[in-house]
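K.L.:
The residues making up each chain are set out below.
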Amino acid sequence: MIKNSTIHRRTCLKGVGAALALPLLDAMGWAEASERNAYKPPVRLGFMYMPHGVIMEQFWPTDAASFLTSPPPALDSLRPVLDQCLLMKGVSGVPISPFSGAPHALELSTWLTATLPDPDKRDEISISISADQIAANYVGAFTTLPSLELATMPQTWKENQEGLNEAYYSHCSFRSPTQAVPAETNPRNVLDRLFNQKEQGSGRASAGISALDRNMLDLVLGGARDLRRTLSPTDQRKLDEYLDSVRSVERRIAAIELRQKEAAMEKAGVRSSRRHESDSPPIEIKIPEGDRRSEYMQVMCDLNVLAFQTDTTRVCTYIGSTPNGVSYPELGFNDQHHSQTHHNNEPEKVRKVAAITAFNIEQFAYMVKKMHSLREGDGTLLDNCIMMWGSGLEDGDRHTRENLPFILAGRGGGSIKTGRFLPDVKGNQGDLLTTLLTCAGIPLDRPIGIATKQLTEIPANV
Amino acid sequence: MAVFVLSVFWVNPSTCMAQSADDGARAARKADAEKYFRNHVAPFIKTYCLECHQNRRPTEAGLNFNPALKSPGHAAFSEKWKKAAARVKAHDMPPDGLEQPTEEERQMFLEWLDKVKYLSPQDPGPFVIRRLTKTEYGNTLHDLFGVDPKITDAMPDEVSGAGYLNSLSPLQLEQYLSIADQVLDQAFAPDESPPTELQQRLFGEPPASGDDARKAARKVAESLAKKLYRRPASDAELKVLEDVFDLGRHNELSYPASLRLMLKAMLVSPQFLFITPAEGFDTKAEIVPLDDFQLASRLSYLLWATLPDEELMTLADSGKLREPPILKAQVKRMLEDPRSRALFDGFGAQWLGLGDLGSKTFDPSKFPEMNGAMRLAMYDEARLFFEGVVRENRSIASFIDSDYTFLNENLAAIYGLEKLVTGTEMRKVQLTDDNRGGILGMPGVLAATSFPNRTSPVKRGVWVLEQVLGDHVPAAPPNVPALEKQDQHSIAHLTLRERTELHRSDPVCANCHRLLDPIGFGLENFDAIGRWRDQDDNGAPINASGELPGGVRFSSPSELKAVIAQRLDAFARNLVEKLLAYALCRKLEGYDEIVVDELMQEITQDDYRMQTLITAVVTSYPFTHRRTE
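Which chain is which? The protein sequence lines are S and U, in order.
Residue numbering for the first sequence follows this note's numbering, beginning at 1 and increasing consecutively.
Residue numbering for the second sequence follows this note's numbering, beginning at 1 and increasing consecutively.
If you are wondering where the hints come from, they were derived from the structure by calculation, not from laboratory data.
The reader is advised that the hints may include incorrect statements.
[What the hints assert, rightly or not] Cut-off 25 Å, straight-line C-alpha distance, at most; resulting in silico cross-link-like pairs (SDA-like, lysine to any residue): (1) K239(U) x Q200(U); (2) K134(U) x R188(S); (3) K80(U) x P95(S); (4) K82(U) x Q566(U); (5) K578(U) x D123(S); (6) K360(U) x G163(S); (7) K215(U) x D218(S); (8) K227(U) x G222(S); (9) K349(S) x K134(U); (10) K134(U) x D240(S); (11) K80(U) x D123(S); (12) K459(U) x D123(S); (13) K82(U) x L69(U); (14) K360(U) x D218(S); (15) K150(U) x P288(S); (16) K82(U) x E124(S); (17) K459(U) x H338(S); (18) K82(U) x D123(S); (19) K83(U) x E124(S).
Start from the sequences, fold in the hints, and give me the full structure.
P.N.:
This is the structure we're talking about:
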């Protein structure tokens, strides 16, 4: 029976053509040949960002021994799932020379690239592909969305620090060295996208992109190739990004068709290999009415959970807020995040920054706890995820980046040993990203950004 | 090295354009520049710069003079010459502790900036295809299908940096598909229902049964493509559209539904989403004039942010649009059309720094009046003023000083004119206060250059220097504490002015801040949202006096305005450079400097009139030409 569905999968994929690089099936969690012939859920990778660093005394645990029993105040919300978490101190950021300023454009743009923007082409986007997009290239082919990018504020910022392209201020995902990936900020749009449907004005929902679209796009693509031949080399490169996007949407349509076929088979009584009967049903999404920041951030968390739970995507990057600043009236003050981070140790400002940090970690905790409550396979959804929370600065007051704050949650399908605090990891953020992608089973042809090694303390010794 | 990568595009001067007299003068200036470089600049660099800024990794501050020593006129280096000159001028470089050049040597290095451009061959610069912005895309759909331009609201927001607008992500493409569906759902009747008027106009009569539907579809494709691609489609392009029509038929779609699929294909084609050249030019020439259709698109997206109208397309059809008198007449016509507000929304707002005023944070307890309506009024004041200068073809000196502005009741309160103006409508108001009038006294500008809770003389100073006078202000050196971080005890009794003046007690800061701060202080009578005040937050009297380098003194905003009005030429040049860069969608470099020199002559001769300035930019060499490779 399982074999049967595999044939469908192949038939379907044939239509996608040579553009589709087939990943190794067994590394993806699609293996069928394990001893008990059981479906092993795939590993999912999630990244959640907060700008401007933390109040370090309130973030770092005192020592490894007390981590679980008396965690620092910033981690309070994670208490129930601390045994699912891993903290490591000593991961340094990318050295910013030759830049001398622009700390906030750099904290975000280097976060998943571990690479500095090219100082000779500051006004363009010229950096490197980010870790989440490397992962999406590899595991994205079998899900209806290769990756999901979320944010809770518009990605525009008209500030041009050190001549750097404005996109560096509000983007951390890069599909290619020259292409920033915009994020969805509207939960309704995300929901439509996850289920490939569009609510029409009259309230009737129509199917989103369809098979006919795929064939139509194929023809458009052919025409675009003709056009390409008449363009200059620079223009050709620009058009290539268009072509690449068309191909990516074609792949998405193919993946949607595959899902539809599977669903039809399941209806006809052919059991899918994907889900266990004991798996939790998909969570419900409630789009908030008001403008409370916590509700907005949490519905985006829910969408991330749902996308992972339904295996709609295996990679999600969530910019909790961009460095251009947001305020948190729920915490009882209207100051903007950034203005408070330059606190010069004034107790009032320190208190506010600590509250903002705890608030952001609380949203992450909300997401992680939800994942922990959902059954999947032999364990929980969280067991099969690697969720990384972090910031691109250590101390927002002095813009330091020696010990970037990161929290990992989830065991990555057994590849990561959690419930620990590693007080002295010697490595950089490239090393960390390289290690995480490796734990997720993604083969890398080169280290990510400035990485020179794997952080061997992180993986579980299987 | 990026510098060398770019050398692929290093083209020879185009000989077809030049006139022999100009040629002689140009050659003489070039020889002079080369000599100046050899005798003065190269030795200066070797003595004072090269030890740090040379060809090695990592490059010191990303600056390497080795390629510049070999080809000093290379376009890729022109921005770096400007920055280097700014640093040398500010005594920022060479750093303390290293051998310092004499004042004469510094002066010599600054003068190089006026000469380096003569090394550049005539060159319209790179022309990279770009996709329509979210606004342009929405307007274009509106003009084609009558839908609300807001239909594009779900698209990701855009930043305006170079490079971003050229790229396109899968998310965007999916949205293009979905928006295409929405547009067609709104504009067209469902299958089986009688067609809408627009549908009839675009699709014509369906072929009678028995007629060749494919042939009819091709005719429709031809006329639609001309509209959507903004130029006649090639045979190959029509073939693709025919194939899409066939695809519809094979999938048992009706004739109109197949046409609709074809239209949808056009809406997601690069020919629609990008501004692309028509085919067919002399491939042997390295530089060619833009074809008339491309010129029409470039022009209409610049001035209207939408597709060319019929008049432009007709002129393009007849090949006449490029003729200077016709092009100039079209610019005038287009500027007088209400659609030209796009020039403010796209360019003016960005120039004045008002693009983010709507979302900028202000301390709500201190400035409760900064609500949405007030921000909009501030934006509209600047917009109406800008549009007035354009449509009435006033001198750009009005931007520096004028005796009128546009207010509604809300905004009038900021001016203290609430008794004079009632109602929410914006209208023209005569001003009597010399401190107001012009962009320097506009609340929107003053608010955009403030912090959420107080004024920033430094930000305002930078704004005047960069946005008004076009100077380069080097970025602050690293590790300088912002005001908030100064030792709170030692500064507790100081006014903001005195605290800011601490910048100038530190030699590292002093170089730039002795230039920046006095300008900002000159505007201190305006609070963080542009209200007049005689005392600061702590009740101390405002001291708005200052002195610019060179000894020009002023003691109020109106005197500062007068000082700046004396530098109308610098202001005009800055405006030309900014508009030209915006029109070309790239930064200026190399030969562009010479272009600006020529435009400036034209503009100065016509008393700095705004329409002349815009027309000069639109008829300029780089706007009307492109490289072929």
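K.L.:
Each hint: holds or not?
P.N.:
Each hint, compared with the structure:
no.: 1; hint: K239(U) x Q200(U); verdict: 23 Å, holds
no.: 2; hint: K134(U) x R188(S); verdict: 20 Å, holds
no.: 3; hint: K80(U) x P95(S); verdict: 23 Å, holds
no.: 4; hint: K82(U) x Q566(U); verdict: 23 Å, holds
no.: 5; hint: K578(U) x D123(S); verdict: 15 Å, holds
no.: 6; hint: K360(U) x G163(S); verdict: 21 Å, holds
no.: 7; hint: K215(U) x D218(S); verdict: 22 Å, holds
no.: 8; hint: K227(U) x G222(S); verdict: 21 Å, holds
no.: 9; hint: K349(S) x K134(U); verdict: 39 Å, violated
no.: 10; hint: K134(U) x D240(S); verdict: 20 Å, holds
no.: 11; hint: K80(U) x D123(S); verdict: 13 Å, holds
no.: 12; hint: K459(U) x D123(S); verdict: 21 Å, holds
no.: 13; hint: K82(U) x L69(U); verdict: 15 Å, holds
no.: 14; hint: K360(U) x D218(S); verdict: 44 Å, violated
no.: 15; hint: K150(U) x P288(S); verdict: 23 Å, holds
no.: 16; hint: K82(U) x E124(S); verdict: 19 Å, holds
no.: 17; hint: K459(U) x H338(S); verdict: 17 Å, holds
no.: 18; hint: K82(U) x D123(S); verdict: 15 Å, holds
no.: 19; hint: K83(U) x E124(S); verdict: 18 Å, holds
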